[in-house]
Amino acid sequence: MTIMKGRALRATATAAMLAVFGAPVMAEELFYVSGAVGNAVENFKALVKPWEEATGNTVTLVPMPASTTDQFGQYRLWLAAGATDIDLYQTDVIWAPQLADHFVDLTEAAKDLIPQHFPSIIESQTVNGKLVALPIFTDAPALYYRTDLLEKHGKTPPKTWAELAETAKFIQDAERAEGAKDLWGFVWQGNAYEGLTCNALEWIKSYGGGQIVEPDGTISVNNENAVAALEMAKSWVGTISPDGVLAYQEEEARGVWQTGNAVFMRNWPYAYGLGNGDDSAVKGKFAVTTLPVGKEGDSSAATLGGWNVAVSKYSTKQEAAISLALYLAGPEAQKQRAIAESNLPTIIALYDDPDIAAAQPIIPQWKDVFLNAVPRPSAPTLGKYNEVSAKFWSAVHNTLSGKGSAAENLELLEVELTDIKGSGW
Amino acid sequence: MATNTGGLSLTQQRQRAAFWFIAPMLAALFFVAAWPLIRTIWFSLTNTALSDLYGGEWIGFDNYLSLRILESGRWIWRGTLVDPAWWNAVWNTVRFAFVSVFFETVLGLIVALVLNAEFKGRGIVRAAILIPWAIPTIVSAKMWAWMLNDQFGIINDIMLNLGLIDQKIAWTASTETAMYAVLMVDIWKTTPFMALLILAGLQMVPRDIYEAAKLDGVNPVKVFFRITLPLIRPALAVAIIFRMLDALRIFDLVYVLTPNSAATKTMSVISRENMIDFDKFAYGAAQSTLLFAIIAVFVSLYIWLGKVDFSGEGQR
Chain A
4 MTIMKGRALR
14 ATATAAMLAV
24 FGAPVMAEEL
34 FYVSGAVGNA
44 VENFKALVKP
54 WEEATGNTVT
64 LVPMPASTTD
74 QFGQYRLWLA
84 AGATDIDLYQ
94 TDVIWAPQLA
104 DHFVDLTEAA
114 KDLIPQHFPS
124 IIESQTVNGK
134 LVALPIFTDA
144 PALYYRTDLL
154 EKHGKTPPKT
164 WAELAETAKF
174 IQDAERAEGA
184 KDLWGFVWQG
194 NAYEGLTCNA
204 LEWIKSYGGG
214 QIVEPDGTIS
224 VNNENAVAAL
234 EMAKSWVGTI
244 SPDGVLAYQE
254 EEARGVWQTG
264 NAVFMRNWPY
274 AYGLGNGDDS
284 AVKGKFAVTT
294 LPVGKEGDSS
304 AATLGGWNVA
314 VSKYSTKQEA
324 AISLALYLAG
334 PEAQKQRAIA
344 ESNLPTIIAL
354 YDDPDIAAAQ
364 PIIPQWKDVF
374 LNAVPRPSAP
384 TLGKYNEVSA
394 KFWSAVHNTL
404 SGKGSAAENL
414 ELLEVELTDI
424 KGSGW
Chain B
790 MATNTGGLSL
800 TQQRQRAAFW
810 FIAPMLAALF
820 FVAAWPLIRT
830 IWFSLTNTAL
840 SDLYGGEWIG
850 FDNYLSLRIL
860 ESGRWIWRGT
870 LVDPAWWNAV
880 WNTVRFAFVS
890 VFFETVLGLI
900 VALVLNAEFK
910 GRGIVRAAIL
920 IPWAIPTIVS
930 AKMWAWMLND
940 QFGIINDIML
950 NLGLIDQKIA
960 WTASTETAMY
970 AVLMVDIWKT
980 TPFMALLILA
990 GLQMVPRDIY
1000 EAAKLDGVNP
1010 VKVFFRITLP
1020 LIRPALAVAI
1030 IFRMLDALRI
1040 FDLVYVLTPN
1050 SAATKTMSVI
1060 SRENMIDFDK
1070 FAYGAAQSTL
1080 LFAIIAVFVS
1090 LYIWLGKVDF
1100 SGEGQR
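In order, the protein sequences belong to chains A and B.
With the working numbering applied, the first sequence covers 4 to 428.
With the working numbering applied, the second sequence covers 790 to 1105.
Please keep in mind that the hints were generated in silico from the structure rather than gathered at the bench.
Bear in mind the structure is a predicted one, so any value in this text is a computation, not a measurement.
All residues carry an ideal CB built from backbone N, CA and C; glycine is no exception.
Here are some of the chain B residues that sit facing chain A, going by a computed Cβ distance under 8 Å:
id	residue
1	Leu839
2	Ser840
3	Gln940
4	Phe941
5	Thr961
6	Ala962
7	Ser963
8	Thr964
9	Asn1049
10	Ser1050
11	Ala1051
12	Ile1065
13	Asp1066
14	Phe1067
15	Asp1068
Lysine to any residue pairs mimicking SDA-like chemistry, simulated, CA-CA at most 25 Å apart:
id	chain 1	residue 1	chain 2	residue 2
16	A	Lys172	B	Ile954
17	A	Lys316	B	Leu842
18	A	Lys406	B	Ala934
19	A	Lys316	B	Leu839
20	B	Lys957	A	Arg179
21	A	Lys184	B	Met948
22	A	Lys172	B	Asp955
23	A	Lys424	B	Ala838
24	A	Lys133	B	Ile1065
25	A	Lys237	A	Glu414
26	A	Lys406	B	Val883
27	A	Lys320	A	Pro334
28	B	Lys957	B	Met932
29	B	Lys957	A	Thr262
30	B	Lys957	A	Gly258
31	B	Lys931	A	Ala39
32	B	Lys1003	B	Gln992
33	B	Lys931	A	Glu254
34	A	Lys406	B	Gln956
35	A	Lys424	B	Trp866
36	A	Lys406	B	Thr966
37	A	Lys316	B	Ile1065
38	A	Lys424	B	Ser855
39	A	Lys338	A	Thr63
40	B	Lys931	A	Gly38
Build the full structure now, drawing on both the sequences and the hints.
Written out as structure tokens, the structure reads:
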């Protein structure tokens, strides 16, 4: 312990951090659980190294499946059992109301850090005045497109979904005729899971079809615009998107995209940095824009995503865990994450950071997109959100795979949601 | 009468001793099997939530079936027994169980007959055939998920190159093929288990019967149906019951391969989903209880119909 302390004090930079995070009392070993998407696992060691050196504590990442639905199930089980094995949880933006009871209130500990973040994100993690989790990055999806292919065929990035389908079909046919057999027009996330809720919410919202359940709690999903949006998406499957898209999550879509087999992709910003990696077939050949709209005049819709760090109430090493949470939500870690993983920071000042702008030009561009992002209806539906989301994605998945028309499925969905709602959310 | 020690007959003494020998096992069974079962049934009659396991209140059979009369005078039935998602899961499970057990039994029987023959290297082949069964289900499910992947999967690649299909099939995504994918992996995985159990039965069949049949010039097909099959019937019946029990509670394979597809969701999957994901713990417990009841019905039906002899004292 004294060795750790001595080493830490030698470096002035780390000494400054000591002042912020407090001198180590005892070297603790923390466990941090997080879904493993992209290069998050590889980057984690580098990300927490400064904190480990400053405090003398160590932290081990416990990787979980990439699917947020799978993660949630496991976390709920651990938390309900009061498991002491995990000290910190990386939580999805939609989980706060459902898991609030199991996490430590961070309001007091983070009082200096809170004003640096976007207020809306802090608010999304506050449940009845309790700050459940600290934001570490935010997310809003983008439309990725292949600049080389669009240029070759004299096309411009699409503004509407119809244009997207047309361009995708044109390039797909032309390129396949030239021998690129495996090329597809558009890949997205169509598996029956939380990600499909995000995708479908974007189609419906950008068609002017509302956001499933409105902020005041009304169920709005059964309407003509929503039907039109789903019928449109159904027409992609098997034409510009492979049939298998109905089993794709983020990583499967990125797999097709990054091997150069897609013209367009809907994905989160993390795919930007990875797509420009040395092992990527599309390095330097793509750009991003906002997702298309239903018809001209509508506004583009991007589902608000984002991840946070929460400290377990059952952790026996809470002091060290809170210190790590503050570090991960702080400017230094967010900047590292932005550069290494192209994750969008939640600290306002970082959008003007020249290093980030140079390494990941998508990030400064993306500030306005996520500020206008559509939240999923987790706030109005409270503890019933998961069930609402599961019913919604099932209805959409059924429509896409041809089990019933969009109108039939949405009508049924409305009945089911009304049932779940009961006398009130 | 017989020797009398402390007022107990020899039989009584032996029974008492036997009881004490069995007692630890009974206690263990009570704690790992009976107690969780009783508790699940209890939960299903309450409104327990996962975050507060001891705070549930008794609500009777509302999780199974309840009637609500709306202000408009409309009657609405609620509960698992009228939940279409539940009946869909029951149908999926039963279909899965019958088809998979049927194919596993037929294929397992064939494999067992081959392995029962004398040939060089039989030991190695016997060990090798067990490999699919020895791989943890999660691992084999993931492995197959990649092999069945529509874009990068080897299965589509092979079938395309052989000209069996003209475009790639999205095995796990399409609602039509999802169940086939699950069945395929399960049959691949569990056939060795069936083969092993049947092989054990085959080896109990006395060789001299076959010799006698051979001397009498009975043709092999007749030998199989008249001698082999009747003699291995008890072993076969036990193997089928084991597999049926296993198949009716299938969870891991479906959860990894096609977690949220309504075409493959089984009773265990939907019960877990309600308990954990949807925060309807008691409702999920009701579904678990029904799952238990359905399995119990299947097994008693099967035992009754087949008059399976578990005592090991001869056949019927």
